[in-house]
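Engineer: These are the residues of each chain, in order.
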Amino acid sequence: MTAVSLRGVTKQYGTVHALDNISLDIASGELLALLGPSGCGKTTLLRSVAGLVHPDSGAIEIGGRDVSGVATRERPIGMVFQSYALFPNMTVRENIAFPLSVRRRPEAEIRRRVDDLLDLVRLVPQADRYPNEISGGQAQRCALGRALAPAPDVLLLDEPLSALDALVRGRLRDEIRRVQQLVKTTALYVTHDQSEAMAIADRVAVMNHGRIEQLAVPAELYEEPSTSFAATFVGSRNAVELAVVDGRIALAEAFSVPAPVGAAERAIAFFRPEDVTVAAGPGAKGQPATVELKVYLGATTKMHLAIPVEGGTARLYADLPSRDAASIDQGAEVRIVVDPAHIRAFPVPD
Amino acid sequence: MALTALPRTLPRSRPSLGRVLLFGGLFGYFLLPMVAVVLYSFATRWTANILPDGYTLDWWISAVTDSAVREAFGTTLILATLTALLDIVLVVPAAYWSRVRNRRIRTFIEVSAAIPFALPYIVIAFGLLQFAGIVTPGIQGTFPLLLLGHTAIAFPFMYWAVDGAMSAAGIERLSEAAEACGASPYQIIRRVVLPNIVPGIVSGALLSFATSFGEFAMVQTLARGVYTIPIWSAGEIRSYSGDAGAFNRLAAVTVVSFLVLFVLSGIVVYRNRGQIVRLLPSVANSEGRPTA
Chain A
1 MTAVSLRGVT
11 KQYGTVHALD
21 NISLDIASGE
31 LLALLGPSGC
41 GKTTLLRSVA
51 GLVHPDSGAI
61 EIGGRDVSGV
71 ATRERPIGMV
81 FQSYALFPNM
91 TVRENIAFPL
101 SVRRRPEAEI
111 RRRVDDLLDL
121 VRLVPQADRY
131 PNEISGGQAQ
141 RCALGRALAP
151 APDVLLLDEP
161 LSALDALVRG
171 RLRDEIRRVQ
181 QLVKTTALYV
191 THDQSEAMAI
201 ADRVAVMNHG
211 RIEQLAVPAE
221 LYEEPSTSFA
231 ATFVGSRNAV
241 ELAVVDGRIA
251 LAEAFSVPAP
261 VGAAERAIAF
271 FRPEDVTVAA
281 GPGAKGQPAT
291 VELKVYLGAT
301 TKMHLAIPVE
311 GGTARLYADL
321 PSRDAASIDQ
331 GAEVRIVVDP
341 AHIRAFPVPD
Chain B
1 MALTALPRTL
11 PRSRPSLGRV
21 LLFGGLFGYF
31 LLPMVAVVLY
41 SFATRWTANI
51 LPDGYTLDWW
61 ISAVTDSAVR
71 EAFGTTLILA
81 TLTALLDIVL
91 VVPAAYWSRV
101 RNRRIRTFIE
111 VSAAIPFALP
121 YIVIAFGLLQ
131 FAGIVTPGIQ
141 GTFPLLLLGH
151 TAIAFPFMYW
161 AVDGAMSAAG
171 IERLSEAAEA
181 CGASPYQIIR
191 RVVLPNIVPG
201 IVSGALLSFA
211 TSFGEFAMVQ
221 TLARGVYTIP
231 IWSAGEIRSY
241 SGDAGAFNRL
251 AAVTVVSFLV
261 LFVLSGIVVY
271 RNRGQIVRLL
281 PSVANSEGRP
291 TA
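Those protein sequences? They're chains A and B, same order as listed.
Numbers 1 to 350, taken from this note's numbering, label the letters of the first sequence in order.
Numbers 1 to 292, taken from this note's numbering, label the letters of the second sequence in order.
In isolation and in its complexed conformation, chain B is listed as follows (with noise of 0.2 Å):
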């Protein structure tokens, strides 16, 4: 009786007021700063009024056809696809070993990945700096010790989306099937665990792509002659001296900079729909072992 008397689904609640107040006001505290850069970047001249006093494309002109703009953009551009792809080659190899063959260097990657959310970027420069000064003095200051900074500070993301998408896949069953089936190591991870991962593959490189595109203090410290958007950004500010349209242009490129990582993060939630990202590592990972 009264089971069947439940009804299959919750119904839907109307929105109350309180809701709409504090999803409206997220909604603006969010949106607001981001729309008034959009405007500020077509406005002429923006005054004591809450729009501004006229409109006009020629920031958006100088900014796209400014030469050290473009040259900054592919750089960032580079930088952070080769940043997610080094990602891809160290980490899937890495977190794939770390559950079948050995599980003890699970606590070390994990340790590991908590040091770039512990320690500022700019510590971890310096640390990488000093480091490669004794190490290799050769790429002191050059783009590919940058590159591996950023590798090193991207990691985390790749490593538990990939990690939560071999828990997922079931890895370590699939590897043992596999073992048996007569496939080597090599053919293990080419047919079998990278075709199972592509999700998390996918999500770790966005965002491994994003941590770098934005990064500044590391491009600042470890490769003085590396051209980036954001330092291109920090230089326009503190060159200012009063001339029209330099915050506008600024603007401009914000804007572009933002609907590139916004367009990314679309791409990772619509690929995770209906499901839950797994960005976190897992709390249970007990399956795989034997229990007789």
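Next comes chain A alone, as it looks inside the complex (with noise of 0.2 Å):
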């Protein structure tokens, strides 16, 4: 069952198009997340549902009802924002019964829903803090309690762990996701992270430029990047950009596939450092490089190798298991093949 569902939606600022064009669906109990980089349009997307920002032309519609018409406040909607913006001057608990409150709901029914949402964003022990008096984790679960409070269609959450560190962050999407799939409310969830949009979303529309590159599940949209902005902006791939020659592109003898439909005469390779394979000795095959660094990351190293090209050199990134990589020194000229099957190739626009 669809819950969110976006026809046609465009917003212009000026000459820029903020949003161009955006349909969209979002099924029912599912977190969609929009990814991009700032300014793609994933913000006003957010801000449109909401009724923050009036789209002009398109369609939303919430629970199977056109919202357009309808201001925030009579939206079905919750709302959690990157700075918290939790009302200073009430408690934890007050702060999450606002929304039952301003809805003049009766007293015991709003103790007993706030005793609930406090159980379930964990901070029963801080119910009686203001704002101030809670970490900055506290006060995003605060914000989403308050945001889950009037059982809302659609849970909106907007870049909500970008104020965090590092620590936090992860244990607080974790603790997103747990509580998104309890209360099983559907959710759209704005990021720039695409490893935070990956590890928490059920699907995940990459945008760029107000349209929507491409809308996947997360382990599609790393093996499968359906455009060259999406291969780009998920996961750190090497790209390298080569001439075609027969309908094909190769990059020396580390790798040759046939070239991407519409790519005239240049094409842009995408593949993964994992699946570089490096190898070292007499009996290897491939494409000749340089170790120019290895960086010992761990489990995996790093490898930064050199490769000569006709007119430069091309550089690349290599990730190999520790133990794989600790017989080959940096300086080392080794031996590299990627293989064919994960390489996502597409013309470059002239």
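For the record, the hints were derived by calculation from the structure and aren't laboratory data.
For every residue, glycine included, the Cβ atom is placed at its ideal position computed from N, Cα and C.
Just to be clear, a hint being listed does not mean it is correct.
[To be verified] If you want a taste of the chain A side facing chain B, the calculated C-beta under 8 Å gives, among others:
1) Val70
2) Thr72
3) Pro150
Given two chains presented individually in distinct reference frames, assemble the corresponding complex, making use of the accompanying hints.
Structural biologist: Listed below in structure tokens is the structure:
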């Protein structure tokens, strides 16, 4: 069942297309992440669903109801902001109760519901503290409880982890996911962090220039990016621009794959560092390369490789299990091969 | 090495002679006239000596028991209080609106806030009188028109104090959050905006009060029948005909007015202790704009 549906939503600021004809369906109970760089329109899209931004055209439905002419406060939404935006004059308990008390629910019902929510977001011990007396992670959990209080049809999260330090971020991310699955609420989650998006979302929409470049489950997005932008933005990929020769593109002896459809002269090939096979020794096959730098990262070792190609040097990264990398020294001459099955190539736009 | 050698706090230097002279001089410059007025209000006679010839409470008693003084004092208090209240009622919603709903009206408000400083009050008063004559002849020369005039000249203080408090509280974000929680504009102002800008409202109210309390030109021009302390003081000076104690009584009333304003200023400073008193419009008001 579709919980939120967008049809041809467009928003223009001056000459900039913040949202360019966006159509999107979010299934009931699904967490969909909007992923993209700043200025890609993801926040504008979220704020359009909230009613804080009014699209120039297109329709937005929440729970089957067209909300185009509906004010923010009348929409069945709950919202979590990057800056927490808790009310400083209210305790944690009062913050969570706020959406219920402005709806004039009976006192007893509010108390029951807030108790449940405090339990859900694990803030029972902090219930009577003020926002300036709790940590950032607790503040964002309070904001989550407040957003969920009116049992909204859709939960809107605007970069909820960006203000937190790395350690808290990972923990709160899993916490948000746990709560969202527990209450089975539909959620729209804006982030610029690809690992965060893939860790938390059922599906990820990669956005760029006001358009959705790719909408896929995390594994598909990671394995099979459908556009050049998605390939660049998701995963730290090697990107090599190559000439099309006889309908194929090749990086010397490392790989050779058919050129992508629509590539007349040049194409760009993406492949991930862990798909580069590095071998040393007399029997090794593949493209000769030099290990310029070896970076030990614990389980894996990252190698910066230089490959002499016509007209200069191509630079690639390879990730190896550290055990395999131990025998290869910095500065060593090695041979590399890339599995063609893991190469995604796209035409270079003229 | 170099870092650990740095002291935690800067050592307090011994006050130098120059500094003592500077602050002592400033202190004397501000305080001496006030001390002189206080002494004069208690003086029997004050001739060629550095201190009065003798002391008496007579002038104070006659000032305090003078019904004209008491009436003027009451009128001044009422006028100043109403000015502060009216400014709260007018400015808080306007400042909120200019931050959250329509940032373009900020330019208009900020230009308006400069007018009381750019034009003499007497010019504003005449403008108001003319305008009232055309639009509402009924209130020409009355207390309500005077109240409106004082509200107009005192509003910048209220606006700056309230706007600064809104900026500090991040009212745009809070307002948006409250809206997403389902609150109506009235609920947002009452339950989210007001409680978080109380310091600004108090500062603004006290400054508006003080502006009205000591104002002379507008009272004189806009409402002939309204008798405030500044009007009374001016009348005392104008009607002086050599009777003993007239100026001493004036000094006593001046001391009272000064004390009222001094105590109010003290409250403003005390309430804002530990933070910068923000009365001037802030330069960077860029928060709350979406980036993506």
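Engineer: Take the hints in turn and mark each one as holding or not.
Structural biologist: Hints versus structure:
1. Val70: 12 Å, violated
2. Thr72: Result: holds, 5 Å to nearest chain B Cβ.
3. Pro150: 6 Å, holds
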